[in-house]
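J.: The primary structure of each chain is shown beneath.
There are 2 protein chains.
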Amino acid sequence: MDLPPSPLARPFPDMPAIAGVTLRAARARYKEWERADLTYVELVEGTGVAGVFTQSLCASSEVELGREQVKRGAARALVVNAGNANAFTGYRGREAVEAIQRQTADHIGCAPEDVFVSSTGVIGVPLPKDRARDGIVAAFAADEATWEQAAHAIWTTDTFAKGAHTCAMIGGTKVNLCGIIKGSGMIAPDMATMLGYVFTDAAIEPAFLQELLSRANAGTFNCITVDGDTSTSDTVLVFATGQTDAPRIKDWESPGADAFAAALTDICRQLAQLVVRDGEGASKFIQIRVSGAVNDDSARRVGLAIANSPLVKTAIAGEDANWGRVVMAIGKAGEPADRDKLGIAFGGVWTARDGLPVEDYDETPIAEHLKGEEIDLAVELGVGIGRATVWTCDLTHGYISINADYRS
Amino acid sequence: MDLPPSPLARPFPDMPAIAGVTLRAARARYKEWERADLTYVELVEGTGVAGVFTQSLCASSEVELGREQVKRGAARALVVNAGNANAFTGYRGREAVEAIQRQTADHIGCAPEDVFVSSTGVIGVPLPKDRARDGIVAAFAADEATWEQAAHAIWTTDTFAKGAHTCAMIGGTKVNLCGIIKGSGMIAPDMATMLGYVFTDAAIEPAFLQELLSRANAGTFNCITVDGDTSTSDTVLVFATGQTDAPRIKDWESPGADAFAAALTDICRQLAQLVVRDGEGASKFIQIRVSGAVNDDSARRVGLAIANSPLVKTAIAGEDANWGRVVMAIGKAGEPADRDKLGIAFGGVWTARDGLPVEDYDETPIAEHLKGEEIDLAVELGVGIGRATVWTCDLTHGYISINADYRS
Chain A
339 MDLPPSPLAR PFPDMPAIAG VTLRAARARY KEWERADLTY VELVEGTGVA GVFTQSLCAS
399 SEVELGREQV KRGAARALVV NAGNANAFTG YRGREAVEAI QRQTADHIGC APEDVFVSST
459 GVIGVPLPKD RARDGIVAAF AADEATWEQA AHAIWTTDTF AKGAHTCAMI GGTKVNLCGI
519 IKGSGMIAPD MATMLGYVFT DAAIEPAFLQ ELLSRANAGT FNCITVDGDT STSDTVLVFA
579 TGQTDAPRIK DWESPGADAF AAALTDICRQ LAQLVVRDGE GASKFIQIRV SGAVNDDSAR
639 RVGLAIANSP LVKTAIAGED ANWGRVVMAI GKAGEPADRD KLGIAFGGVW TARDGLPVED
699 YDETPIAEHL KGEEIDLAVE LGVGIGRATV WTCDLTHGYI SINADYRS
Chain B
339 MDLPPSPLAR PFPDMPAIAG VTLRAARARY KEWERADLTY VELVEGTGVA GVFTQSLCAS
399 SEVELGREQV KRGAARALVV NAGNANAFTG YRGREAVEAI QRQTADHIGC APEDVFVSST
459 GVIGVPLPKD RARDGIVAAF AADEATWEQA AHAIWTTDTF AKGAHTCAMI GGTKVNLCGI
519 IKGSGMIAPD MATMLGYVFT DAAIEPAFLQ ELLSRANAGT FNCITVDGDT STSDTVLVFA
579 TGQTDAPRIK DWESPGADAF AAALTDICRQ LAQLVVRDGE GASKFIQIRV SGAVNDDSAR
639 RVGLAIANSP LVKTAIAGED ANWGRVVMAI GKAGEPADRD KLGIAFGGVW TARDGLPVED
699 YDETPIAEHL KGEEIDLAVE LGVGIGRATV WTCDLTHGYI SINADYRS
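Protein chains in written order, with the working numbering: chain A, 339 to 746; chain B, 339 to 746.
By construction, these hints were calculated from the structure, which means they are not laboratory data. Note that the structure is predicted; figures quoted are calculated from it, not measured. One should not assume that every hint holds.
Copies of the same chain look alike in the list, so a pair counts if it works inside one copy or between any two.
As the list claims (entries may be wrong) - Listed next, the in silico DSSO-like pairs over lysine-lysine satisfying Cα-Cα at most 30 Å (straight line):
1) 369 to 709
2) 467 to 512
3) 679 to 588
4) 512 to 679
5) 588 to 467
6) 588 to 409
7) 709 to 467
8) 369 to 679
9) 409 to 369
10) 679 to 709
11) 369 to 512
12) 369 to 588
13) 709 to 588
14) 409 to 512
15) 709 to 409
16) 467 to 409
17) 709 to 512
18) 369 to 467
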């Protein structure tokens, strides 16, 4: 099915080219559709790489191989297949990935381990090797693609193309970071895996790049949820081509390390929020700010318990400031909280404080706030100084329609 | 709102009286409605009691007091308020409960701690003491109520009255167990807390009764889920009046202990399944049988991860044997499983085995099975002999309508 763009969609931004990164797309016809569904990114020699992957114990071969590949720290190409997740396909799935790696490595003249592969789409059907092979040959010969074209080619049931750009100054030289991402549920194995790719012309030591990505991931991709479901294939990769005059960043002592770390977190947050904005059936973007937890990790768990509660999500869909459901979600999180110090605010207006409903608070600004598309929910737990912010969307009839009314 | 009975509803069973148990109901008018909303159960002197309560850290005063009361092991009365959960109401909520205990204790001539109180309904509003007081006076003077009338009086947004009956032989004497329960979401704080009460004329030492209830609870109430949300007030109490000639059961060595334990588990399972059958928006009752886990507890966690997955629940609502979503849910459970030995069966037909889709399986019986109201999903994890069965319902437009389209 083709869905209209999410009401929370954002226009695709202007994004500069990244030296050392060449984008191409082709039709492998993984499904019966008329669109590019194979994306090929060639990376200049010397490109460093870091990655984070799904925690699923049923991860795809692409993820299993990717986890090993990032330890080497070097990348020369990325191939993304849309329409087939190649998950739960056993040895035949793995063979399909290795064939793509060999074919691409032969073309470039690199090691197969320098070729990263991602796949998203239907589960349980081995990726057809012949279509992949022909698609890659077509991609080698294709014109260069724009960022927006690449963002289109990697999507499955997304409703808008998602990209982000930022920059940082390193030793007086400007470096760029450009990213694309796809995903519209936290996952549906046959449709909505999250795949994100960030490219930068900065030079970053791979081990340090991994440290930076893991830190950025904790406060961005790990703080979003659409439906609490976790893909077998979620992947975020960062490629650093080192094609500017900026000095190489090796560790926190390197000039510009802080600036680059901040820029990487910024672009990861932008991309993560775009996935929530394309959440299946979403009509409202919800920011949940938790404070007063025993530590930041505890705050994040409370935030995700609230964000994953179907009763909280449906209440917000119904524009109902139902803080009773928020209390319930806090209670079920199992994290330390002082019931008699709890506070809950919608749009900056406290409806409950010190464990009691605020009497005679003005409902007008809250009702106005809930009618909007951007919802802010603040929760104070009253036991410490830990804090976290998580992002989610509401739960609507649209989610049910997308996932129940249409057969896979 | 008044909803039509769930399509999965069951008729109220014939249930015998339990000697030592007197049911009455009255109108306390906790909401603007014309129905009994205060249930008063008087219990003969010598009645033993055991209970299990919500794990929520934001539990109501009723739950906090109840946890202490069951340690004493003695009960003379139960008062259930419907329409007001009295949760998140601080000291005023606690005072309301204590007033009910004193009033009832004075009437019976017992200790206030022998009076158990439960409340369900809107959160954040202290239970009105005057309405409770007048309602209790009316209940003292009311005619005796039937089990079905009591099951009606404790409900909030339930769509059918839920009761169950079973019996056991103890030392050649038959004892009865009768139970009533309310709940239609695993919880919504303003509507759907689960409250269950079992009454038996058997004589059971309270400490052993608690052990039996905790065991029964693990495989019954703790194995159901509607929406994964946990109430601030969930409560199950068992009262044993000891009004037959059957010998007193003190421990596992007592004659009839095994029989009574089996009967208690049976009635708890019946009651738990009735809550799922009244799940908000439910159109299908789903049984998930997990085998091959490292242990039973791990199997239960995998089962609940599947049962709580909105993508699995919407797939079944859409009558789609989407085993890819089941694989996803297994993966996110974080429990040991062998991806290459996984098996998944709908209605007894394997769609995946040994980590691979079954080729050319017959889809006809699966499609027929999914059209029905009773869905059986079997999952083999391939790493051990642990097993568990959990029960849930599907996720439909009805759930969204109940929780988002109507304002609280």
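J.: Work down the list of hints and note, for each, if the structure agrees.
T.: Results of checking the hints against the structure:
Taking identical chains as interchangeable, the C-alpha atoms of residue 369 and residue 709 lie at most 30 Å apart only when they sit on different chains, with a minimum of 28 Å there against 39 Å within one chain. Proximity of residue 467 to residue 512 under the C-alpha cut-off of 30 Å is found in neither arrangement, the shortest distances being 42 Å within a copy and 68 Å between copies. When the C-alpha separation of residue 679 and residue 588 is checked against a cutoff of 30 Å, the pair qualifies neither within a copy, at 45 Å, nor between copies, at 43 Å. In this assembly of identical chains, the alpha carbons of residue 512 and residue 679 never lie at most 30 Å apart, being 47 Å within a copy and 51 Å across copies at closest.
In the homo-oligomer, the alpha carbons of residue 588 and residue 467 never lie at most 30 Å apart, since the shortest distance is 39 Å inside one protomer and 68 Å across protomers. In this assembly of identical chains, the alpha carbons of residue 588 and residue 409 lie at most 30 Å apart only when taken from the same copy (16 Å versus 61 Å across copies). When the C-alpha separation of residue 709 and residue 467 is checked against a cutoff of 30 Å, the pair qualifies neither within a copy, at 49 Å, nor between copies, at 36 Å. When the C-alpha separation of residue 369 and residue 679 is checked against a cutoff of 30 Å, the pair qualifies only between copies, where the shortest distance is 28 Å, while the shortest distance within a copy is 54 Å.
Neither within a single protomer nor between protomers do residue 409 and residue 369 lie at most 30 Å apart by alpha-carbon distance, with minima of 33 Å and 63 Å respectively. In this assembly of identical chains, the alpha carbons of residue 679 and residue 709 lie at most 30 Å apart only when taken from the same copy (28 Å versus 49 Å across copies). In this assembly of identical chains, residue 369 and residue 512 lie within 30 Å of each other by CA distance neither inside one copy nor across copies; the values are 41 Å within and 65 Å between. Taking the closest pair of Cα atoms, residue 369 and residue 588 never come within 30 Å of each other, the shortest separation being 43 Å inside a single copy and 66 Å across copies.
Neither within a single protomer nor between protomers do residue 709 and residue 588 lie at most 30 Å apart by alpha-carbon distance, with minima of 48 Å and 60 Å respectively. Within a single copy, residue 409 and residue 512 get their C-alpha atoms as close as 28 Å, which meets the 30 Å cut-off; across copies the closest is 68 Å, which misses it. In this homomeric assembly, residue 709 and residue 409 never come within 30 Å of each other (Cα to Cα): the closest approach is 47 Å inside a single copy and 48 Å across copies. In this homomeric assembly, residue 467 and residue 409 come within 30 Å of each other (Cα to Cα) only inside a single copy, at 27 Å, whereas the closest approach across copies is 66 Å.
With identical chains, the CA atoms of residue 709 and residue 512 are never at most 30 Å apart, being 41 Å at best within one copy and 60 Å at best between copies. Taking the shortest Cα distances, residue 369 and residue 467 sit within 30 Å of each other inside one copy (14 Å), while across copies they are farther apart (65 Å).
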